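Chains A and Y: place on chain W using the hints.
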Amino acid sequence: MVIDDSRAMRLILRRIVTQLGFEVHEAGNGKEALDLLETVDPMPQVALIDWNMPVMNGLEFVTAVRSDERFRQMTLMMVTTESEHGQIVRALAAGAHEYVIKPFTPEAIAEKLALLGLVPSGIV
Amino acid sequence: MALTQHEFAFVSGLVRREAAIVLEAGKEYLVEARLLPLARRTGTVTVSEFVARAQRERVIADQIVDALTTNETSWLRDREPFTAFTDSVVPDLAERRGPQHKLRIWSAACSSGQEPYSLAMLLEESVRTGRYEILATDISTEMIERAKAGRYSQLEVNRGLPVPMLVRYFDRVGTEWQVAEALRRNVSFQKVNLAAPLPQLAPFDVVFLRNVLIYFDLETKRSVLRRIRSLMRPDGWLFLGAAETTIGIDDGFERVVAGRASAYRPRAATTAPVGATRKG
Amino acid sequence: MSAPTTDDLHAITEQVWLSYLDPEGVNPFLPSSEAPESPLVIASVSVTGAWEGHVIMTFSEQAAELASAALLGMEADEVTPDDVADAVGELVNVIGGNVKSLLPDGSLLSLPHVVTGDSAGTAKWPATVEICRLQGSWQEEKIAISVWTSKSAGEGS
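Residue numbers (the numbering used here), protein chains in the order written: chain W, 10 to 133; chain A, 52 to 331; chain Y, 35 to 191.
If we strip away everything but chain W, and leave its shape as in the complex, we get (with noise of 0.2 Å):
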């Protein structure tokens, strides 16, 4: 799952999560993506999610999820332009696994996902 409220970056992620082998649903805002999330099945074994978003901002979206025990299972990728060292420490206390940083290039987030174990990393 894609959240982030710029269509240009929605799609640009869309393309290289596509090209992995993963099918994509997009989401402009965390409560999109939560009700998003009441519907779609199976669940998104990943989201990649923006920080500044307007009505539900990324971080608010990572810590309802992770209070979600039927969530548990999803792997949570900040993709963000928020690259303070405090802020980054902030989302992996809220419960973010990985973090990419913008401006990323199609491999960065390929090689993040193989770090998870989402991506064999052969297809890296």
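The set of hints was computed from the structure by calculation and includes no laboratory data.
Incorrect hints may have been included.
To be verified - Per label pair, the in silico range of CB-to-CB distance:
id, chain 1, residue 1, chain 2, residue 2, range
1, A, Val307, W, Met52, 39 to 49 Å
2, A, Gln241, W, Gly126, 33 to 43 Å
3, Y, Pro160, A, Gln229, 30 to 40 Å
4, A, Leu249, W, Arg79, 54 to 64 Å
5, A, Ala76, Y, Asp152, 30 to 40 Å
6, A, Gly64, Y, Pro160, 37 to 47 Å
7, A, Arg306, W, Arg24, 36 to 46 Å
8, Y, Ala69, A, Lys242, 40 to 50 Å
9, Y, Ala110, W, Asp44, 33 to 43 Å
10, Y, Ser66, W, Gln82, 51 to 61 Å
11, Y, Ala110, W, Val64, 29 to 39 Å
Since the model is a prediction, treat every value here as computed from it, not as a measurement.
C-beta atoms are modelled at their ideal positions from N, C-alpha and C, and glycine is treated no differently.
Positioned in the frame of chain W, the structure of chains A and Y alone reads:
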């Protein structure tokens, strides 16, 4: 030294055929900037000479395509050798040598430094390690200086570096990230040309020599492997790139399986039981 | 923490270009003294909190279309005004976010804001002063990136 029109035409034709990338006239400076470090690394003095070699040697042509199509080195992208290092090699050496032994690791073509620092981070995280020191060498003075500074762009730290390691071992410095002083203290750097007689270095427990042999012809490969073997402990470990091997080149090494990776060990060592090796 | 400089903007811009607009590294952004001319497209993000100011990208209309096409993987003549607003908005968001990392902790980034048409040529950011600027050309078209700080905040530090 500028590329001639003919040389540039060869390179642009090559990347157009191989990678569908169009290099327009006027981009000579870009080709030179990208190829110079590579040329130096293979022991070629000028980019022109490197391009001339590419017209005869397929391996060099492939390197040119790579250099003009990808940008950054990844940290732990090829996970298998690193997993083998932490899961098999470090415990094996800890058992053989005892907790007081200082592990000596050689990153033999360290480029901009991702490999030696990755090894240092893995050793920091490995509970079985006591002390260690890493020697990182490269043929390029420019690369040695870069690696020693330990400063990486945002794009570089995005490449295959697990984020817990980023927050634990790096400090933010302006637009870049710098490897923490505590980690840099354990890594030393030296300019070394693997294709020439090597300086007298203390014996190593582990050598990483990945994606270097592919740059050399058979005779050079053989002499590089022989020289490296002479600087390894008899029960040490050598890691090569996934497409490289000692088989058919240097019989002094034996291939062993370590986790999901292949590693190479000086031949006598593989028959000696754990604990039976001489004290170092 | 020192204020962002033109060199910082250049480093950030190079990375954004390599990631999104010029992945092969064959069409880099080339700094020069020339500023973009009307008609313009202006994309900005504001920083509030510990530091107050704006990060502003000014594109010639053609540069904005080229950048949007490159980001979205489309042909330049296919992009709609909505595509341009979304794409240049995301570019300034990424550059602004990286500039923010150079600013004091506790600074917050706004959502991007894009202005096109006649009002773009006369846009002003009152009570602010420019602290650094990078301008130049990309595929012959002009783009400028600048950082502005609130006058009151500047006096305080």
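Checked hints:
Distance hint check: the CB atoms of Val307 of chain A and Met52 of chain W are about 41 Å apart, consistent with the given range 39 to 49 Å. Distance hint for Gln241 of chain A and Gly126 of chain W: a CB-CB separation of about 36 Å, consistent with the stated range 33 to 43 Å. Distance hint check: the CB atoms of Pro160 of chain Y and Gln229 of chain A are about 38 Å apart, consistent with the given range 30 to 40 Å. Restraint check, Leu249 of chain A to Arg79 of chain W: a C-beta distance of roughly 59 Å satisfies the suggested window 54 to 64 Å.
Between Ala76 of chain A and Asp152 of chain Y, the C-beta spacing of about 39 Å keeps the proposed range 30 to 40 Å intact. For the pair Gly64 of chain A and Pro160 of chain Y, the beta carbons lie near 55 Å from each other, so the given range of 37 to 47 Å is not met. Roughly 40 Å separates the CB atoms of Arg306 of chain A and Arg24 of chain W, a value that falls within the hinted 36 to 46 Å. At about 45 Å, the CB distance of Ala69 of chain Y to Lys242 of chain A agrees with the hint of 40 to 50 Å.
Roughly 36 Å separates the CB atoms of Ala110 of chain Y and Asp44 of chain W, a value that falls within the hinted 33 to 43 Å. The supplied range of 51 to 61 Å is met by Ser66 of chain Y and Gln82 of chain W, whose beta-carbon atoms lie about 52 Å from each other. The given range of 29 to 39 Å is respected by Ala110 of chain Y and Val64 of chain W, whose C-beta atoms sit roughly 33 Å from each other.
In the structure shown, a violation is registered for the earlier hint numbered 6 alone.
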